[in-house]
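Number of protein chains: 2
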Amino acid sequence: MEKIEFEKMDQRTRACFINCLSGFKSANLIGTRSNKFQTTNLSIISSCFHLGAQPALMGMIFRPHSTDRHTLEYILETGYFTLNHVTAEIFEAAHQTSARYPREVSEFQATGLNEEYRDGFLAPFVRESKISLAMKFREHQLLTINQTELVIAEIQSVYAPTECLSEDGSLDLSKANSICVSGLDSYFETKPLARLSYAKPESKPKRI
Amino acid sequence: MEKIEFEKMDQRTRACFINCLSGFKSANLIGTRSNKFQTTNLSIISSCFHLGAQPALMGMIFRPHSTDRHTLEYILETGYFTLNHVTAEIFEAAHQTSARYPREVSEFQATGLNEEYRDGFLAPFVRESKISLAMKFREHQLLTINQTELVIAEIQSVYAPTECLSEDGSLDLSKANSICVSGLDSYFETKPLARLSYAKPESKPKRI
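As given, the protein sequences belong to chains A and W, one line each in that order. Quick note, the first sequence lines up with residues -1 to 206 if you use the working numbering. Quick note, the second sequence lines up with residues -1 to 206 if you use the working numbering.
Rather than coming from a laboratory, the hints here were simulated on the basis of the structure. Just so you know, not all the hints are guaranteed correct.
All copies of an identical chain are treated as equivalent in the list; a pair is satisfied when it fits inside any one copy or across any two copies.
Unchecked claim - Here are the simulated DMTMM-like cross-link-like pairs (lysine to aspartate or glutamate), alpha carbons at most 20 Å apart as the crow flies:
#1 K189 with E114
#2 K173 with E161
#3 K189 with E87
#4 K134 with D183
#5 K189 with E102
#6 K204 with E165
#7 K173 with E87
#8 K173 with E187
#9 K204 with E87
#10 K189 with D170
#11 K173 with E147
#12 K134 with E113
#13 K134 with E152
Every value quoted in this text rests on a predicted model; they were computed, and no experiment measured them.
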């Protein structure tokens, strides 16, 4: 193990390096719809994070002036979007949604992923995803420290394979083929190590 | 795939379920030190996320009144802390740091993980981690939507195995044995699928 002198890296190398340091990240596809422009958009995002269970909230970060601009614009226009877990079967198509397509090209058509509408929800789901969420925009704010946007949204509905759901509420993401991502472009499957019991000072955790 | 009626779940089941929905999460150990109480603290956290590369920033979420209270208190007291990737070798000890130990018990001693001090940095590193970061507190704010605290900190130094670092800045987390977590208690190893080239509208992504 050595100290890595990232201050000396050029801008692109540094961005690639720093992006790896938080650890593995979730890989989701955001599906949005614009009534104004009569189009849909699909965009991979690795910055979704759990914010709370009651209310059921998720946070996500949008970079300023990024390729995500259509996504954020349509979320703010309609107030709704979907989150769809990227699986090992579709990670290449999911990655391709990060290309800078013009507004009139939907990434659904461009990548071959299929739009699906469920239960009257406004935004399109990704048919190929095994775990999908209907999300309602709650608030956003500019983080002035680096001009990124924090978006907070509430989980309205969840679609998932019931065989991945345990009685205690745990959802087996590995069984649902969800994958994770590191940095800008490295995709990983997962292999379960263990579930551990609730930690208490007087005992060691047990495998459950 | 079915619609999962989480509104009907009891509070604990719901917390477990909702916590899985963002996807796989990073697993880090936060090392802190208190001068005031002459003690150290070590706490597992799954809510660290990449915020930006220039400046090199990370965000993390602290629940209100959680077992993390010593950690946040000591970060605010000293302004410094470490982040240490959880590996497959230490995930059980890492999980055990979430037990509610009294202030006078350091989770380092309680779990057998080893404190290490590097290059004059105030907060303790975890010797067993392969990737460790020296962090400087920048700002925090209460997210009023659910009373969680968002902490933003800057990466000051990075320690990592040089054999995991590519020339383009990518750090192979899988090779460094970093693991990921789902929900409250499920730990996973990873297996590389592929790195993909920068996506462009006119071509398909290549494996690199």
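Problem - Which numbered hints fail - result: Numbers 1, 4, 5 and 11 - these are the hints that the structure violates, sorted from lowest upward.
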